[in-house]
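Go ahead and model the full structure; you've got the sequences and the hints to work with.
Number of protein chains: 2
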Amino acid sequence: MALPPEFALIARHFRPLAGEGALDLSDDAALLSPPPGRQLVLAADAMVEGVHYLPDDPPETIGRKLLRVNLSDLAAMGAEPLAYLMTTALPRGTSAEWLEGFAAGLAQDQRDFGLQVLGGDTVSIPGPACLSLTIIGTVPPGEALRRAGARPADDLWVSGTIGDGALGLAVLQGRLPADPHLARRYRLPEPRLALGTALRGVARAAMDVSDGLVQDLGHLCRAGKVGAVLELAALPLSPSAAAVVEGDPSWLPRLATGGDDYELLFAAAPEDAARVREASRAAGTSVTRIGRFTDGAAEVTLLGRDGGTLTPAQGGWSHF
Amino acid sequence: MALPPEFALIARHFRPLAGEGALDLSDDAALLSPPPGRQLVLAADAMVEGVHYLPDDPPETIGRKLLRVNLSDLAAMGAEPLAYLMTTALPRGTSAEWLEGFAAGLAQDQRDFGLQVLGGDTVSIPGPACLSLTIIGTVPPGEALRRAGARPADDLWVSGTIGDGALGLAVLQGRLPADPHLARRYRLPEPRLALGTALRGVARAAMDVSDGLVQDLGHLCRAGKVGAVLELAALPLSPSAAAVVEGDPSWLPRLATGGDDYELLFAAAPEDAARVREASRAAGTSVTRIGRFTDGAAEVTLLGRDGGTLTPAQGGWSHF
Numbered sequence: 001m002a003l004p005p006e007f008a009l010i011a012r013h014f015r016p017l018a019g020e021g022a023l024d025l026s027d028d029a030a031l032l033s034p035p036p037g038r039q040l041v042l043a044a045d046a047m048v049e050g051v052h053y054l055p056d057d058p059p060e061t062i063g064r065k066l067l068r069v070n071l072s073d074l075a076a077m078g079a080e081p082l083a084y085l086m087t088t089a090l091p092r093g094t095s096a097e098w099l100e101g102f103a104a105g106l107a108q109d110q111r112d113f114g115l116q117v118l119g120g121d122t123v124s125i126p127g128p129a130c131l132s133l134t135i136i137g138t139v140p141p142g143e144a145l146r147r148a149g150a151r152p153a154d155d156l157w158v159s160g161t162i163g164d165g166a167l168g169l170a171v172l173q174g175r176l177p178a179d180p181h182l183a184r185r186y187r188l189p190e191p192r193l194a195l196g197t198a199l200r201g202v203a204r205a206a207m208d209v210s211d212g213l214v215q216d217l218g219h220l221c222r223a224g225k226v227g228a229v230l231e232l233a234a235l236p237l238s239p240s241a242a243a244v245v246e247g248d249p250s251w252l253p254r255l256a257t258g259g260d261d262y263e264l265l266f267a268a269a270p271e272d273a274a275r276v277r278e279a280s281r282a283a284g285t286s287v288t289r290i291g292r293f294t295d296g297a298a299e300v301t302l303l304g305r306d307g308g309t310l311t312p313a314q315g316g317w318s319h320f
Numbered sequence: 001m002a003l004p005p006e007f008a009l010i011a012r013h014f015r016p017l018a019g020e021g022a023l024d025l026s027d028d029a030a031l032l033s034p035p036p037g038r039q040l041v042l043a044a045d046a047m048v049e050g051v052h053y054l055p056d057d058p059p060e061t062i063g064r065k066l067l068r069v070n071l072s073d074l075a076a077m078g079a080e081p082l083a084y085l086m087t088t089a090l091p092r093g094t095s096a097e098w099l100e101g102f103a104a105g106l107a108q109d110q111r112d113f114g115l116q117v118l119g120g121d122t123v124s125i126p127g128p129a130c131l132s133l134t135i136i137g138t139v140p141p142g143e144a145l146r147r148a149g150a151r152p153a154d155d156l157w158v159s160g161t162i163g164d165g166a167l168g169l170a171v172l173q174g175r176l177p178a179d180p181h182l183a184r185r186y187r188l189p190e191p192r193l194a195l196g197t198a199l200r201g202v203a204r205a206a207m208d209v210s211d212g213l214v215q216d217l218g219h220l221c222r223a224g225k226v227g228a229v230l231e232l233a234a235l236p237l238s239p240s241a242a243a244v245v246e247g248d249p250s251w252l253p254r255l256a257t258g259g260d261d262y263e264l265l266f267a268a269a270p271e272d273a274a275r276v277r278e279a280s281r282a283a284g285t286s287v288t289r290i291g292r293f294t295d296g297a298a299e300v301t302l303l304g305r306d307g308g309t310l311t312p313a314q315g316g317w318s319h320f
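Residue numbers (our numbering), protein chains in the order written: chain F, 1 to 320; chain R, 1 to 320.
If you're looking for bench data, these hints aren't it; they were derived computationally from the structure. Hints may contain errors.
Because identical chains share one entry, a pair is satisfied inside a single copy or across any pair of copies.
Stated by the list, open to error - With a Cα cut of at most 20 Å, we get these calculated SDA-like pairs of lysine to any residue:
1. K225 with S26
2. K225 with R151
3. K225 with A8
4. K225 with A11
5. K225 with T301
6. K225 with D24
7. K225 with L25
Shown next as C-alpha cells:
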C-alpha cells in the first residue's frame with residue numbers, strides 16, 4: 001500500500017532538516033539528551049497567514065520569520081539556540097513550490113543559527129495557514145535574562161532600529177512607497193542572539209520588542225514595579241525610517257507603537273553603560289539609550305521631540 | 001495604559017495552569033532544569049477545528065484531547081510526562097465561556113497526568129481554531145520504545161479496543177445512533193502511559209495508533225523491515241463496537257482503518273508473552289494479540305474473519 005501524500009510531503013520537505021535526536025521524523029517523538037550543566041529555555045510562537053505575514057510573502061521568508069520570531073525570544077533570555085519542533089496547518093492544495101521554498105528558508109536559517117528540527121506535525125486546515133514553532137535553547141544555570149529586575153534610574157536601552165517592521169508592512173500594503181530595506185525588515189527580523197548572550201550579567205532586565213515598543217516597555221515596568229520615561233527623539237531610526245518621519249512627523253509616535261521590531265529592550269545600571277557598549281561591540285549590534293526607568297507607578301511616559309508628554313492612541317498590537 | 005484583552009485572556013485562563021519554570025507566563029520564555037539522568041522525549045501535535053474535533057465538541061474535551069493526543073506519543077515511547085507548551089490560534093469573538101471550559105479541561109488533565117504548562121502563544125485567526133501543543137517527557141537514557149525493532153515471528157499486540165474513535169465520530173455526525181461510550185472515546189482518547197512505561201525492556205517496537213491501525217502497522221513494518229499479518233477476527237472490540245459490527249459486518253475492516261484510536265501497537269518476542277501480560281496487569285490496561293510479524297517485504301496482510309485476505313480501500317487517514 002502506498003504511503004499517503006502527507007508522509008511523502010514530510011519525507012521530501014522536512015526530513016532533510018532533521019537533527020540527530022529527531023529519529024528521521026519517523027518515530028512518535030524525538031529524543032534529546034540535554035547538554036550537561038545547562039538550563040533549557042523554551043518558547044512557542046505561532047504565525048497565521050494574513051495576521052503575522054502576508055499571503056503573498058515569499059515562502060522562504062515565511063519559514064525564516066517563523067524561526068526568527070522564536071529565536072528572538074531566546075535572544076531576550078540571553079540563550080543560545082539548540083533545536084525546535086514545528087507544526088504546520090496548511091490549506092489543501094498548498095503547492096509543492098510553496099513547501100520547497102518554506103523548507104529552503106528553514107534550512108538556511110537552521111544552518112545560520114546553528115539549530116535543528118526535532119519533530120512536529122503536518123495537518124490540513126480549511127482556512128488560512130497556521131504555523132506554530134516551539135524553540136529550545138540553553139543558558140548557564142541562573143544566568144537567563146529576565147523581564148523583572150529594572151530599578152529606578154536604570155538606563156533604558158534598545159538594540160538596532162525601531163519602526164522598520166511597521167513601516168515595512170505599510171510598504172508591502174501599498175500605504176508607503178516601495179522600499180526594499182523596510183520590506184525586508186518586516187519579512188526577516190534579525191534575532192539579536194549575540195547581543196543577548198553578551199548582555200548576560202550586564203543587563204538587569206530584558207525582553208524582545210515584538211508587539212510595539214511602548215506596550216512592551218510597559219511589560220518591563222510591571223515586571224520590575226518601576227516606571228519609565230521614553231524619549232521619542234532618541235529612537236534609533238534607519239535611514240529609510242528617518243526619511244519617512246521627515247516627510248510626515250506623525251509617523252514618529254506610531255513607530256513607537258507599531259509591532260514587528262524584534263529588537264532587544266533592556267535595563268542597565270548607569271554605571272554599566274561602558275559594559276553595555278562593550279557587549280554591543282562584541283556582538284556587532286548597535287545599541288541606543290532611549291530613556292530611563294523611574295520610581296513609582298508602572299507607567300510609561302512618552303516624551304515628544306519638543307519635550308512635551310504624548311499619549312499614544314494604542315500601546316501596541318493586540319489579537320483580541 | 002490598560003493591557004490589551006489578549007493579556008487579560010492569558011492571565012485569566014492560562015496563568016493558573018503555569019508550572020514553576022513558566023515564570024508566570026509573563027517572560028519571553030520558560031526555564032527548565034532537565035531532571036538529571038534522564039533523556040527528554042519531545043513531540044508536537046496540532047488539532048484544527050472541524051478536522052480533528054467537531055466545532056460543537058465541549059471545550060473541556062477539546063483541551064483534554066489536545067493534551068491526550070500528545071500524551072499518547074509519550075506513551076508510545078515509554079516516556080513519563082513532564083511539561084508542555086501550547087499555541088492557540090482562535091477566532092476573534094471566541095467566548096469567555098469557551099475559554100473557561102478549554103482551560104478547565106487542561107487543568108483537570110494536567111493534574112491527572114502530572115504535568116504543567118511552560119509557555120506558549122495566543123493569537124487570532126480569521127478561520128477555524130488551530131491548536132498546537134508541544135509535549136515534553138522523560139525516559140531513562142536508551143530505554144525509549146522505538147518504531148524500529150520488530151523481528152519476523154514476533155507477536156503483534158494492541159492495547160485497549162480498536163475502532164471506538166472512528167465509530168464515535170460516526171455517532172457524533174449522526175451516521176450511527178447515539179452511544180455515549182463511543183462519543184466519549186472519540187472526544188477523550190486514553191493515553192496508555194502506564195502500559196508504555198511497563199513495556200520498556202519488553203516490547204521490541206511500539207507506536208501509537210492514531211491514523212488507522214492498518215496504516216500505522218505499515219509504519220512499524222517499514223521501520224523494522226518486516227511484514228505483518230493482521231487478523232481482523234482478533235481485533236479487540238468494545239461492547240458498543242461489537243454491536244455495530246454485528247448489525248453491519250462491513251464495519252469491521254473500516255474499524256481497522258479508521259483513526260482516533262490512540263492505543264499502543266507493539267511487537268514482542270513470542271517467548272515474552274507472559275512478560276507482556278504482566279505489563280498489562282501492572283498498568284491495568286488490557287492487551288490483545290492480533291497477529292504476527294513476518295519475513296520479507298514491509299507489507300501488511302489483512303486476514304478476514306473467514307481466513308481470506310482483504311485489501312482495504314484506504315489504510316488510514318491522510319491530510320493531503
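Tested hints:
{"no.": "1", "hint": "K225 with S26", "in the structure": "between (48 Å within a copy, 14 Å between copies)"}
{"no.": "2", "hint": "K225 with R151", "in the structure": "within (8 Å within a copy, 62 Å between copies)"}
{"no.": "3", "hint": "K225 with A8", "in the structure": "between (52 Å within a copy, 18 Å between copies)"}
{"no.": "4", "hint": "K225 with A11", "in the structure": "between (50 Å within a copy, 18 Å between copies)"}
{"no.": "5", "hint": "K225 with T301", "in the structure": "within (15 Å within a copy, 67 Å between copies)"}
{"no.": "6", "hint": "K225 with D24", "in the structure": "between (47 Å within a copy, 15 Å between copies)"}
{"no.": "7", "hint": "K225 with L25", "in the structure": "between (45 Å within a copy, 17 Å between copies)"}
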